[in-house]
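Visitor: Chains as they are written, first to last, in our numbering: chain B, 1 to 518; chain F, 1001 to 1484.
Misleading hints may appear alongside valid ones.
Below, computed lysine-lysine pairings styled on DSS-like, alpha-carbon distance capped at 25 Å [to be verified]:
no., chain 1, residue 1, chain 2, residue 2
1, B, LYS14, F, LYS1187
2, F, LYS1187, B, LYS66
3, B, LYS319, B, LYS191
4, F, LYS1187, F, LYS1149
5, B, LYS4, B, LYS182
6, B, LYS297, B, LYS202
Hints were generated in silico from the structure; no laboratory data involved. Every value quoted in this text rests on a predicted model; they were computed, and no experiment measured them.
Residue strings, one per chain:
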Amino acid sequence: MPSKTEFLASTPSKLILIGNVLMVFVYFFVILLLFPHGNEALFWVLIAGEVFHTWQALAYLYTVWKLDHKAEFDPDFSGAVDVFITVCGEPVDIVEETARAARDMDYPSHRVYILNDGYVAGKDNWQEIEAAAKRLGIGCLTRRKPGGAKAGNINNALGDTRAPYVAVFDADHVPHPDFLRKTMGYFRDPKMGFVQTPQYYKNAHLNAVTLSSWEQQELFFGPICRGKNRLDSATMCGTNMVISRAALIEAGGMCQESVAEDFATGLFIHEHRWKSLYVPEVLAEGLAPEDFLSYTKQQFRWARGALDVLFRYGLVFRKGLSLGQKAQYLSSVSYFLSGIVVIMNISLPLLFFFFDLVPVKIDTMLLAVVFVPYMFLTIGVMSTTSNGRFSFRAISFSMCSFWIQLKAFWSAVTRQKAGFSVTSKKGLQGNFISLAAPHIGYIALALAGMCVALAREGLSPSVVNNVAWSAFNIGMFLPYIAAAAPEGFIRTRFALGYSAMFLPPKPLEAKLKVMVKR
Amino acid sequence: MEATKPRLYIALLVALAATLSFFVWMRQGITLDEAQSVWQTSRTLPGVINVIAKDVHVPLYFVLLHFWELAFGTGAIALRSLSVIFFLASIPAMYALGREAYSRRVASVAALLTAISPFLNWYGSEARMYSLMFLVTALSHLCFIRLWKRPGPAVWTAFALTSILGTFTHPFFVFILFVQCAFFVMKRGIFPEGSTWRFSISVCAAGAAAGAWLVYRHIAGAGLTNPVLARPSSVDLSNVFSNFFIGFQSDWVNALILSFWPLLVLASFTFIARKHPPRPETSYFAAASFVPIALAFVVSATLQPIFLSRYLIICLPSLYALVIYLLSTYRRATSDMLVSALVLGMLAALSAQAIEPSSPVKEGFREAAAYVEQGIMPTDLFVVSAPFLTYPVEYYYRGAARLDTFPKWERYAKDSVPAPFSMNDLATTSAAWARTYNRLFLLLGYDQGYNEDIRIYMDEHYQRLDTQTFSRGLALYVYKLRYP
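With the rest of the complex left out, here is chain B (with noise of 0.2 Å):
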């Protein structure tokens, strides 16, 4: 199991925080003011994505400035929570382990319900969960009308409990015996709204898909979550979280328009001026998506999630919200805009490549002068943000998944209707190469582009820094195609061995061993 809490433990040096942001106007300036324009049309979309990516950087400085906020905590505190484990088809087995830990919860007034939506979702396995309810000697909401999905499953169950605290975890998300004692005390505050705690994956050693869906994770709920408890913008996340039900009643609920519900939900209780805390302690203990569909569909959701509250909930106009919220949100909104940066930025040596189109001239060296040690101290701190648990594989994942965020852009733009779906808890067998097309098409596209410059100018700088730039996406792009490849020797070998051959992570080496075996 991954370490619950290295990813936690971050103390960044301010110097390095200072010298990045000083890196971070530098190099937009540099660019904006000293480079002579190549194609102007490219320039100025170079410096489009340039101001977009100041402004990531820039809020991930200001998220990262001060990690070690302290709320009021009273360990006494003991009102009364009904716990929601919300179920929709998923194993018995994982339904009925999260629910005895629920049950089994060390706290004076808990009492646990299952929200059963395996019924309205015509899941073969709802009546399994009851029975499980019940031989557990808990309570079993089964809904018999439909709407909303999760979020509805909650507002459903609101109506037939009464504590003024709702628990709520998903149904692979096993809480520890102390999660009540350790997040209740923090709502001695009466505007306290919601109390969020890590999503950690007991299971991220699995494979490349579950280690890279943690390892991403472990950015956000390491230094993101703890720098946003100073600027009360805590993220709610849908589980592992305990919720005022004054302050969901008066946010209307969970939002049942949103397929990212609980994000959306935790903007309205913000709104409302309710508190929110982020509490840096692994509490419960849930399942990274086991297989690249699940992972992708988890990455649309999420993006699309997000880009309904900036497009169809107009995050920059809503009030209520405090400026440093408003950024938060903003910021953690806008990272699922970055796919369209990034589709910026590899098409920039495709288009050298066939076109001779360059948005700057310059010499080659001169960007590295600028670029180099910005990109050095930008990786650097995040590495000592994160207490060097920012990976190659976290950065690859990310940076591959532009093509689901340009889909989610596109369906938010759009206002198409967008479903939700759980994610699986088994991994799905199949070939999901498909889901990588987009970067395998990239590969081609670049061979022969490298084969029409060199045709064009011959083995010139110039064409040699774009191969360079070329291999530099295409070395980002392997270990994701690698994932979605077939299972058998490929996804086995290649794609824990690709990245493991850079971050060595021994559980991850003992199975790349086992699985080489077989």
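Got chain B sorted already, so can you dock chain F onto it with the hints?
Guide: Chain F in isolation, oriented as in the chain B frame:
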């Protein structure tokens, strides 16, 4: 047995480097800087110190070279062997540094890279202070790291000594002291109790020694022979790193290799984004590798140009140790593959540097002097410009005609500097030459901003008889001045 193996390995590396030095690098023609070293040190000891004070350097190496010359003479091999000794001593020093900072594996590769480095092989055989700089810096790093890992009175004494020696080896050593001070302040917690005053004493001792030298320089009339350096560009900055790893290659090869820099960014994602918190040694080496380069670049861009890759040799011990350590953090098979690629690449670069006659660092004064000697008559005149080319030329030139400089330079006059260049002076002087001599052998190199003016003027007014290029930027033009 365990101790014998590294000793044997180091001995083999030293033998390899010594062989290369003796049979390849020491056989190259004397460079301008080396000839200047000879000129500066071929005098009494107070005279050596006085002349160095008027130059841009500090005296340690020149004093050592002075005594070395007294013992072994001023032949090229004899001159260079002092530097070779420092270079060869750097191999075990780098082994010790790698061992102290990281592991035996890092140490072994660090010693290997030192032995085969094209950059170090070149400067390791040059009669200048650069191999001494490298050695003193490596020892300074070794002592500094021991200050927090294995402190003791001997370590503190050695650290103070290397600080003073470094300060007297090259002014750029102050950048290393700056990095050490900054690191000490920022990572105070890793040093044992009572370190602050000891560290302060060591640095102050170096500072006091440097201060005393500065006062003496001021009294002696410092900076009279400062070379004119261009403000550095991004190409110069990137060339520092290419020089460090592939030495001196043709512009085309250098540009192509440097153009692969985005792959360095890709590598940095795998280097930095690893699940190991950086060790203090790594942070220190990173600072010692990059901060001096950044500072020298900023100073050169804003105050006065001082940016030369050979001055930045102080960054090389830490850079090699850092790179090898980063490569060693991959799993073994990957690490072996990458280290092998690096070693093979450096060996290829070393071979190319040895074989390629147009290598940018080679200076063809020996060949130029020999060529002139063959064709020149007593009724001809041999002129060099920039004036300080006279140092290496007179080292080799034994021709029949007089050797002069343009602009005029009375080197042996007190506090003499070359006359400033002017077109009027050129017209007057060349007319005077034409009244006295039949032919002019004009050797142009180390352009101080007026070589092209001289060539164009001479082409327009006199008949050019011959042109020869001996190395990059070093060309001979032969003109007919008058008909006998």
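Visitor: Confirm or reject each hint.
Guide: Cross-check of the supplied hints:
1. LYS14(B) x LYS1187(F): The given pair, whose Cα atoms are some 14 Å apart, holds under the 25 Å limit.
2. LYS1187(F) x LYS66(B): With a Cα-Cα distance of about 20 Å, the restraint between LYS1187(F) and LYS66(B) holds, given a limit of 25 Å.
3. LYS319(B) x LYS191(B): The given pair, whose Cα atoms are some 18 Å apart, holds under the 25 Å limit.
4. LYS1187(F) x LYS1149(F): Holds - the C-alpha atoms of LYS1149(F) and LYS1187(F) are around 13 Å apart, at most 25 Å.
5. LYS4(B) x LYS182(B): Between LYS4(B) and LYS182(B) the Cα gap is close to 16 Å, so the pair holds against 25 Å.
6. LYS297(B) x LYS202(B): Measuring from Cα to Cα gives roughly 20 Å; hence the hint holds.
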